[in-house]
Structures are given as structure tokens and as C-alpha cells.
Amino acid sequence: MFALFDAAVGVAYHLVTGLMSLLEPLTGGLSAAVAVIAFTACVRLALLPLSVRQARANQARLRLEPQVKKLRERHRADPVRAHQEIGALYRAEGTSMWAGIGPSLLQMPVFAVVYRIFLSPVVGGHANLLLAHTLLGTPLGARWLLSAGAFGPHGLVFLGLFALLAVVAWWTSRQAPTPPGPLGRVTRVLPYGTLLIAAYVPLAAGLYVLTTTLWTAAERASLWRTPAGT
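Position one of the sequence shown corresponds to residue 1 (this note's numbering), numbered consecutively onward.
These aren't lab readings, by the way, just hints derived from the structure by calculation. From a predicted model like this one, the values you see are computed outputs, not experimental measurements. For glycine and all other residues, C-beta sits at the position ideal for the given N, C-alpha and C. Misleading hints may appear alongside valid ones.
Estimated spans, in silico, between C-beta atoms of each pair [claimed, not checked]:
1) Leu190 <-> Leu4: 29 to 39 angstroms
2) Ala218 <-> Ala3: 27 to 37 angstroms
3) Gly94 <-> Val186: 27 to 37 angstroms
4) Leu48 <-> Gln84: 47 to 57 angstroms
5) Leu146 <-> Gly29: 21 to 31 angstroms
6) Ala92 <-> Cys42: 34 to 44 angstroms
7) Ala88 <-> Asp6: 42 to 52 angstroms
8) Leu45 <-> Phe5: 15 to 25 angstroms
9) Ala92 <-> Thr27: 17 to 27 angstroms
10) Leu146 <-> Val189: 22 to 32 angstroms
11) Lys69 <-> Gly137: 53 to 63 angstroms
12) Arg188 <-> Arg72: 21 to 31 angstroms
The calculated lysine to aspartate or glutamate pairs, modelled on EDC-like cross-linking and capped at a C-alpha distance of 20 angstroms, are [to be verified]:
13) Lys69 <-> Glu93
14) Lys69 <-> Glu85
15) Lys70 <-> Glu93
16) Lys70 <-> Glu85
Hey, can you work out the whole structure from these sequences and the hints?
Quick look at the structure:
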């Protein structure tokens with residue numbers, strides 16, 4: 001199992017470094033950072049069909065939510081009957097209560113592989129040369145809290161990354177449905193957790209987090225629109 005995962009990481013690593021070599025004539029010293037962003041975007045593009053299925057399942061749940069609430073209220077004293085009736089409703093609409101979970105589970109191992117590339121100092125028994133490249137003079141393997149001077153020249157690059165992540169988090173929190181009460185406040189704050197992640201991981205992993213969260217926000221804006229009348 002671990003050998004298969006390591007092999008997938010190795011393949012992905014060679015794809016990123018190959019992309020970096022292709023981009024170098026155009027982007028020069030920024031080739032590694034641009035390759036990280038481009039590779040992450042390519043991965044998300046390859047996973048787009050799964051995202052579309054997940055979005056359609058979410059729209060179906062939102063469309064059926066009023067009927068589901070009525071069924072639960074009608075069979076409040078009989079949870080088993082309520083579950084059966086709700087399942088029948090979803091089947092009649094050509095979907096299920098769990099339709100959006102499959103695509104999410106399939107995406108998780110892919111994200112784990114990509115994240116590992118930008119986090120590990122060693123890949124396939126060799127030094128991760130990707131992390132030795134820089135972005136505006138800051139090594140892609142540098143970590144904000146462990147670099148020389150959190151607010152020095154290297155720190156400024158991270159602060160720029162944090163600012164971009166904060167903008168994406170704000171956009172994401174505005175899109176997310178807000179449940180009432182404490183859960184709603186948690187929902188609003190949760191997207192800002194990416195800033196905590198970026199503060200501890202290498203800069204390359206931070207660029208991955210920025211790219212993938214921006215892509216997710218754009219997907220939600222275009223694919224996860226609330227059906228009219230809900």
C-alpha cells in the first residue's frame with residue numbers, strides 16, 4: 001500500500017519537474033513556482049468530472065430538501081419509515097443521499113499525493129530538488145515560522161501568500177451556506193484554516209494550498225449554484 005503511494009508520488013514529482021523544465025525558457029527563475037501552480041491546476045482540471053458529479057448531487061439535495069423535511073416531520077415517530085421514504089424519494093429523482101460522497105473520496109488520495117510532493121524533502125530516495133528552487137528569493141522548501149526572520153525578506157513572500165489565502169478564504173466563506181447558531185460561525189471561520197496550514201508547511205505546499213482552494217472557490221461559484229426556489 002505504502003509502496004504504491006510512494007510510486008505515485010514519484011511519478012507526480014517527475015511530472016512537476018518536467019513541467020518546470022518546459023516552463024523555464026518562459027518563466028526563468030519563477031519556473032518551479034509556476035510549475036507548482038500549473039501542475040495543481042492540471043490535477044484539478046483532471047478531477048473536474050468528479051467535481052461536476054458532486055455539484056449535481058448537491059443541487060439535487062437542495063432541491064429535495066423541502067420534501068425531505070416534510071417526510072421527516074410526517075414520520076417523526078417512525079425514523080425507519082422516514083428513512084425508507086426519503087430513500088425512495090431520492091431514487092425516484094435518480095440520485096441518493098450519498099451521491100456526493102463518492103467523488104469526494106476519490107479525490108482524497110489524489111490530493112494526498114500532490115500534497116506529499118510539495119511537503120517531502122526526499123522523494124524516491126533522493127533529495128526533492130523542487131524545494132531547492134525559489135520564489136522571489138525564498139526557497140520553496142522554506143517554512144514561515146522556521147525561516148530566518150518571519151518578517152524578513154523571506155517572511156514578506158509568505159505574508160503575500162497569506163494575504164492571497166485570506167482573500168480566497170473570505171470569498172469561500174461568503175459562498176458557503178450558513179447554518180444558524182454556533183455552527184454557522186464555525187462555517188464562516190473554517191476556510192481561514194488554510195492560513196494556519198500555510199504557516200507551517202513549505203512554501204511550495206503553500207502555493208499548492210492557494211491554487212487548490214482558489215480552484216475550489218471558483219468551482220463552487222460556477223457549479224454549486226443554489227437551484228431557484230430553494
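Check: Tell me, which hint numbers fail for this structure?
Finding: 4 and 9
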